[in-house]
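Listed below are the residues making up each chain.
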Amino acid sequence: LAKTTQPISMDSYEGQEVNITCSHNNIATNDYITWYQQFPSQGPRFIIQGYKTKVTNEVASLFIPADRKSSTLSLPRVSLSDTAVYYCLVPAGRRALTFGSGTRLQVQP
Amino acid sequence: NAGVTQTPKFQVLKTGQSMTLQCAQDMNHNSMYWYRQDPGMGLRLIYYSASEGTTDKGEVPNGYNVSRLNKREFSLRLESAAPSQTSVYFCASSPRRDSGGVYEQYFGPGTRLTVT
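Protein sequences, first through last, are from chains A and R. Residues in the first sequence are numbered from 1 upward in steps of one, following the working numbering. Residues in the second sequence are numbered from 1 upward in steps of one, following the working numbering.
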């Protein structure tokens, strides 16, 4: 079953670019990689999803190398409001999705 | 368009009591999910319903039952609450669920449940 590994926490400053990497060594051929954001006391919110190479939307970019065993969420020019927990998800069989513990991003002024 | 709504927002139960958490979505989604999130932890899937009329166990189904009442509504029942079930419960929906996890999930605001 696919399992993801992310850093527990990261710190950054306003205006910097933040890259959060997730490893998913056992990703299946048909699986997409999805990232969610969660603020305190709220449900997770979809950020971006991709299958290979690079995906970009108005919020973030997602980089996926050819072997697809990892992915990197890139947040350009973060602000204080980007302080949240970020989850990398890969389907883990029929009973998925597994969110894991996520990466706590703290953005400081 | 309210999205995913959950009731109640807060609940305190005594050990052994029962209750049902309600979830409804107005996006005409086929798939619905129940998760629990313990303090400082990620979300764990309790049950899901891939489509109306079907339900299946997730990662942590013990102590819970679900009912997919119709396409809009998916309820979670605790028959005999235990302190270990103290958590925040999130309901989510997606257009469809397939093995690739292509379709994004939309989450409700959560229900904070305390069992004493």
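These aren't lab readings, by the way, just hints derived from the structure by calculation. Values in this document were obtained by computation on a predicted structure and should not be read as measured data. Each residue gets a CB set at the ideal place from its N, CA and C atoms; glycine is no exception. Just so you know, not all the hints are guaranteed correct.
[To be verified] Simulated restraints on C-beta separations:
id: 1; chain 1: R; residue 1: 79; chain 2: A; residue 2: 16; range: 32 to 40 Å
id: 2; chain 1: R; residue 1: 8; chain 2: A; residue 2: 25; range: 36 to 44 Å
id: 3; chain 1: A; residue 1: 66; chain 2: R; residue 2: 79; range: 46 to 54 Å
id: 4; chain 1: A; residue 1: 76; chain 2: R; residue 2: 51; range: 46 to 54 Å
id: 5; chain 1: A; residue 1: 65; chain 2: R; residue 2: 9; range: 40 to 48 Å
id: 6; chain 1: A; residue 1: 42; chain 2: R; residue 2: 30; range: 21 to 29 Å
id: 7; chain 1: R; residue 1: 30; chain 2: A; residue 2: 8; range: 33 to 41 Å
id: 8; chain 1: R; residue 1: 84; chain 2: A; residue 2: 7; range: 25 to 33 Å
id: 9; chain 1: R; residue 1: 1; chain 2: A; residue 2: 25; range: 23 to 31 Å
id: 10; chain 1: A; residue 1: 56; chain 2: R; residue 2: 30; range: 36 to 44 Å
id: 11; chain 1: R; residue 1: 22; chain 2: A; residue 2: 66; range: 21 to 29 Å
id: 12; chain 1: A; residue 1: 52; chain 2: R; residue 2: 39; range: 30 to 38 Å
id: 13; chain 1: A; residue 1: 54; chain 2: R; residue 2: 79; range: 21 to 29 Å
Hint-by-hint comparison with the structure:
Distance hint for residue 79 of chain R and residue 16 of chain A: a CB-CB separation of about 49 Å, inconsistent with the stated range 32 to 40 Å. Here the CB-CB span from residue 8 of chain R to residue 25 of chain A is close to 41 Å, well matched to the stated 36 to 44 Å. Take residue 66 of chain A and residue 79 of chain R: their Cβ atoms lie about 49 Å apart, and the range 46 to 54 Å holds. Residue 76 of chain A and residue 51 of chain R have their C-beta atoms about 38 Å apart, which leaves the hinted 46 to 54 Å range violated.
In this structure, residue 65 of chain A and residue 9 of chain R meet the distance hint of 40 to 48 Å, their C-beta atoms being roughly 42 Å apart. Distance hint check: the CB atoms of residue 42 of chain A and residue 30 of chain R are about 24 Å apart, consistent with the given range 21 to 29 Å. Checking the proposed 33 to 41 Å range against residue 30 of chain R and residue 8 of chain A shows it holds: the Cβ atoms sit about 35 Å from each other. Taken as a hint, the range 25 to 33 Å holds for the pair residue 84 of chain R and residue 7 of chain A, whose Cβ atoms sit roughly 29 Å apart.
Under the hint 23 to 31 Å, the C-beta atoms of residue 1 of chain R and residue 25 of chain A, about 39 Å apart, miss the expected range. For residue 56 of chain A and residue 30 of chain R, the Cβ-Cβ distance of about 28 Å falls outside the hinted range of 36 to 44 Å, so the restraint is violated. Take residue 22 of chain R and residue 66 of chain A: their Cβ atoms lie about 45 Å apart, and the range 21 to 29 Å is violated. At roughly 36 Å, the beta-carbon separation of residue 52 of chain A and residue 39 of chain R lies within the given 30 to 38 Å, and the hint holds.
Roughly 48 Å separates the CB atoms of residue 54 of chain A and residue 79 of chain R, a value that falls outside the hinted 21 to 29 Å.
Hints 1, 4, 9, 10, 11 and 13 from the earlier list are contradicted by this structure; the remaining hints agree with it.
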